[in-house]
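Engineer: Next come the chains, spelled out residue by residue.
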Amino acid sequence: MDLLEYQAKELFRQQGIPVLPSQRIDRPTELKGLTIPFPVVLKSQVYTSARGKMGGIRFVENTIDAIAAAQAIFHLPIMGKYPKVLLAEAKYNAEREFYIAVALDSATRRPVLLGSQFGGVEVEAKLSKISQVVVTQEFSPYYARRLALKMGLEGKLLSAVTDIVEKMYRLFTERDLDLVEINPLAVSSNQELMALDGKIVVNDAAIGRQPELASLVATIPDQAVPHALTCSINLVEREGNIGVLCNGAGLTMATLDLLQKSKGKAANFVDLGGDYRHCCPPSVLQDRLKQAFDLITQEKSVKVVLVNILGGVASCLQVAEAIAGFLKWQSGQQVPFVVRLAGDQFHSARGLLAAMDVPVFESIDEAVLEAVKRSAAPATQSVSPPHGASQPAQTGNSPLILASA
Amino acid sequence: MDLLEYQAKELFRQQGIPVLPSQRIDRPTELKGLTIPFPVVLKSQVYTSARGKMGGIRFVENTIDAIAAAQAIFHLPIMGKYPKVLLAEAKYNAEREFYIAVALDSATRRPVLLGSQFGGVEVEAKLSKISQVVVTQEFSPYYARRLALKMGLEGKLLSAVTDIVEKMYRLFTERDLDLVEINPLAVSSNQELMALDGKIVVNDAAIGRQPELASLVATIPDQAVPHALTCSINLVEREGNIGVLCNGAGLTMATLDLLQKSKGKAANFVDLGGDYRHCCPPSVLQDRLKQAFDLITQEKSVKVVLVNILGGVASCLQVAEAIAGFLKWQSGQQVPFVVRLAGDQFHSARGLLAAMDVPVFESIDEAVLEAVKRSAAPATQSVSPPHGASQPAQTGNSPLILASA
Amino acid sequence: MSEIREVRGLGQPLPAMDFAGSRVLVQGIAEPLGALYVPLMQRYGTSIVAGVSPAFGGTEAAGIPVFDLVEQAIEQVGAVDVAVLFVAPYTMLDAALEAMAAGIRQLVLVTEGIPPLDMVRLLREAESTETFVVGPSSPGIIIPDKILLGTHPPYCYQPGSVGIISRSGTLTSEVALELTRAGLGQSIAVGIGGDAIVGSSFQQWLQILEEDEQTEAIVLVGEIGGESEETAARYIAEAIEKPVVAYVAGITAPKGQQIGHAGAIISSRIARIGTEIGSVESKLAAFKRAKVPVADRPSKIPKLVMQALEKRC
Amino acid sequence: MSEIREVRGLGQPLPAMDFAGSRVLVQGIAEPLGALYVPLMQRYGTSIVAGVSPAFGGTEAAGIPVFDLVEQAIEQVGAVDVAVLFVAPYTMLDAALEAMAAGIRQLVLVTEGIPPLDMVRLLREAESTETFVVGPSSPGIIIPDKILLGTHPPYCYQPGSVGIISRSGTLTSEVALELTRAGLGQSIAVGIGGDAIVGSSFQQWLQILEEDEQTEAIVLVGEIGGESEETAARYIAEAIEKPVVAYVAGITAPKGQQIGHAGAIISSRIARIGTEIGSVESKLAAFKRAKVPVADRPSKIPKLVMQALEKRC
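Chains as they are written, first to last, in my numbering: chain F, 1 to 405; chain S, 1 to 405; chain A, 1 to 313; chain V, 1 to 313.
Simulated from the structure, these hints should not be mistaken for lab results.
Even glycine gets a Cβ: it sits at the ideal position worked out from N, Cα and C.
Hints should not be assumed to be uniformly reliable.
Using C-beta positions, here's what the derived DEER-type ranges look like [to be verified]:
# : chain 1 : residue 1 : chain 2 : residue 2 : range
1 : F       : R96       : V       : A88       : 24 to 32 Å
2 : A       : T59       : V       : A79       : 54 to 62 Å
3 : S       : S128      : V       : S47       : 48 to 56 Å
4 : F       : V134      : A       : A79       : 30 to 38 Å
5 : A       : G103      : V       : A88       : 38 to 46 Å
One chain only, chain F, in its complex shape (with noise of 0.2 Å):
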């Protein structure tokens, strides 16, 4: 999970990385109580790092130009997200712009210190002066010093850079941190040093041991705090009409990829996990179908549900009775379920389903084709034969967004 820019140079300040005097501002009225003396950048609060370039940043003078200001960017979406807050900062004269960051790779299984001269805006354009050196044993600053000298740096600016490193090391494995990035590492013209933006990825699998880290993203208007170690169901929205529910992420990957294919487009997926969550075993899978359901038939826009579950410890039957009861419930508004199963028990799943008109597949192939059948017709209670081939409206690539679970 990332954090905004403000929250990641709280998290520097904390650990002695130098950053400008700056303040929070949540509707531009506040700008009047400014303790940042003028001039003054105001920046709008966003998960990108394009918003320069569409207007997001903005140099003032006064209160009432920062307020003019404020307001425009507040008004002003990037990527097609409005900012929930402002960071106002002091102006800082770089003379040079460096980049520097620690991140995991996942080849070498290894922290990797990531640095070069050529940051800011250049970073993209000069990725090949990005300097690498890879933590292979547990940490000690002469890896800092190592990727210092391999940027070429020398002098007060390598001891400098050098500490700076060594702080982002810290902060990254204190923190459980997947990325601290900083992008610029301003230099003045006196050689001192000042992260004038950054970027902090929260690993979402530790931040139950992160207590600090959790009360921060709390504190983020509209932010989804990680769900990977709870049991909540996680629904991910999209612009389709059928509603999916898989167990396993590559297995919902696959089944999503076989709905394109077939022209089919989800309205909305959950991922109900694999077998192998500490906190919800299989034990609990009825209720979690259950919940999944309520979910996923909540968007209105679903046509059809398509459930592919392969069974491990839990059998058929069990899934089966979970899709039976959820139907009683909801007997209202009847959206229509395509189910494929394997496991224990099919042949009893299948009884009990047909009953209630819901038809039960072996093969994923077979009941996606059907889902994305019924998903182009007219809402209807009535069961087609498994093998007809379907027509569905349109294609093309919808922008998806997809959450890690």
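Start from chain F and add chains S, A and V according to the hints.
Structural biologist: Same frame as chain F, but now just chains S, A and V:
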């Protein structure tokens, strides 16, 4: 450096190790404002573990008794020391008492976990019952579990002790300690644990990077702040009449040994340190010599000053010049000096000091004999021949108090 | 060359079939996942000789003696070959370090949600002790009708000659089920785990299956994100003689996005901004270069495997 | 047996005389101690090929090129045999880890005041890389007229056949001076360091000097506190053929107390409460059992050495 019990408990509390509600008492009248309900235990805050038998711990039931008991404890010396502070603590009903410690083991060059089911006053009698676990690699909680199992624990108590040992270890490493000890660790009838008394030894060399510990230590009345990292001169007082100045701990010990063998008695001594203190290389030797002579001669009982310097980068002449300078400055009260030097420019040094009636020897043995001889005679400015036999007044083991340097 | 280094990096695993007779220890046997899967493993014939769950020492679980400490268990029941770990996420590091300190050199980490920095330390220790680690967030290993070291649902599998290597959980079983229904049994199936930082790699398992006599063809089940598939494809081209068929889930997901396994693409997002590694195109192109046929849906896999086997004969 | 383990614990040092031709790197060359002792070492003939002091890369010190990083220095000047470290106490751990990561397998740590927990990590790494570490808080090693790796004042030493092993600094030189004045030159002298946690032990050096052809007799200079002398005495009885003479400073200091080296007796204070280890009596008794003559003052050492040598011939 040792912390007092109430300071150790403050650190325990911060680390989540269970301690009783308690209050520091600087004056008996503060007991009127006690926030802990009676019955209460009042404990003398001194650096010795034998205070219980000596009357330094008292149980009280009401304010009047508490004030009387506090007055008694404040006036009760423990091993010759009066407490500056008491600790008032809630009473606890222990069913059993364990012993737990984390220490450094110089033989294995590793931290070691220690534990026994026979804690409290039993621990000294049942030394063979203390289990040990050496933390050979980077710590992980299984080392603590290994100790709990070796102690013979199981079930809930195994988990509870593991948890406390783990917290003690984190305290040990985060704060750079030489020792963390809980004795007794009380076990209640429902198997809950409570640290009833605690001992923490802070590592003097590390205090420079432990600002919180340094400020905690600064709150102890009369507590000498560790000096290992500063270049301050450390004078150790004893009860004889010879002031001693040497460079290096080993050489200082050897010189004091020779003094005692020749029936001389040191009034005090200064170890200037070896040649590898990062903060005070030999280049500042002369200033340090001057300061040391000042301290040594401030003690009125000093009848003679014995200097034994084995020169390294510094020459004998530099040392001699410092002595000469001091003697000129000190011209009024004139304590005689006996000097042993080794190193470059020995003869120039001897010449310079001979002119001031200060004998300079090449041999420690001779210098020691001369110093002892002068300490036995009435103060005089005249130089005796180096090879006189000495007739000191007294022998016997005076109670030495030696500090680390 | 980097592939070779990688394969050497993390302990030399035994040839696949050597897992079959393993003496197994289960850590977290008294915890929910352990309680659920230990009977399944037992019924499958896995020889579980001891369980470990701190504070449960002296008890029994499913007839298996439970100890407080791994070294204590080994002292009592003798050496074990593999530990399967079902412990809670934040205690996985400690449990794995404990197993390694007690001399166990093959670990299967089942639990999901291990913080990646814990995995970094765990794998550093695994490298220095030459311990082979599968997972975390993994269904483990199954050798049909021989042994189950993890959570694979047995009904999907039957003995045969196709090896399955996968990053997924249920999707691994889905692929096995398609093969089984088509009459193609499996020599072994392994889920290496879906997280950003995992122990054993695709390459290590390709090497194991290349050397395994029982295995005649290999199915590689990948996902978008990360660069494991690209690296595996290069390794196949370099070092694997047996026929390989691939499948990649998530190929219709938008570029640079990922379902499911958090954090897996951090490094490509940062260190290789702008390059195509991790994308569908990159993975499909890599397999094409390695001449590995890619199934466009799970149900096509059996046919491609049969074609590959025929072509070879 | 524990002695044997200890000797193996921390890198196999070269035979003593192999230090003589060493190519030396100095870490902390631009810091006060480095600036002071590097010229002394150079004048003594030590071949210092490079210095390292972060932020001073590209400069020179005493004519020696200075680099920011050890690996960079080695790249430029070629492999080195020994690093001598004069860095500030709280950067010693990092500097030593850096040297080991760059492949240097012999370190002399001079600086005083290293936190013992830093030494624990440093020595753990030294054990796993088989690096030989002398110090900290140590005057280092001198081979008279050949090489100086540390701070020993040269005027105290002359070439000969007596090896000195000591926990002290100036007292080591004092003992050497007594020997030199008595006409007994030295093969090598080493101060292992006065702290609670040090790298090389008395036993390791006894073993080195036992094997060193130049050395005919050994002087062991101990102090009260700790248990190094007791362990060394047992090792001498077990494994050392050459004559050994001991001296122990602090024998008139009160029991359980210690001058100078902080923390050295923690373990005996706690783990062995009530036993006599660390006391004068314990040390003198241990040497008596090992038939090692103990000088009651430094000036008696030469005579005991001569007697021991005569007895042997």
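Engineer: Look at each hint and say if it fits the structure.
Structural biologist: Evaluation of the provided hints:
1. Under the hint 24 to 32 Å, the C-beta atoms of R96 of chain F and A88 of chain V, about 30 Å apart, fit the expected range.
2. About 58 Å separates the C-beta atoms of T59 of chain A and A79 of chain V, a value consistent with the hinted range of 54 to 62 Å.
3. The hinted window of 48 to 56 Å between S128 of chain S and S47 of chain V holds, with their beta carbons roughly 54 Å apart.
4. Remark: the range hint 30 to 38 Å for V134 of chain F to A79 of chain A is upheld by a beta-carbon distance near 35 Å.
5. Look at G103 of chain A against A88 of chain V: about 41 Å separates their beta carbons, and that is inside 38 to 46 Å.
When each numbered hint is compared with the structure, no violation occurs for any of them.
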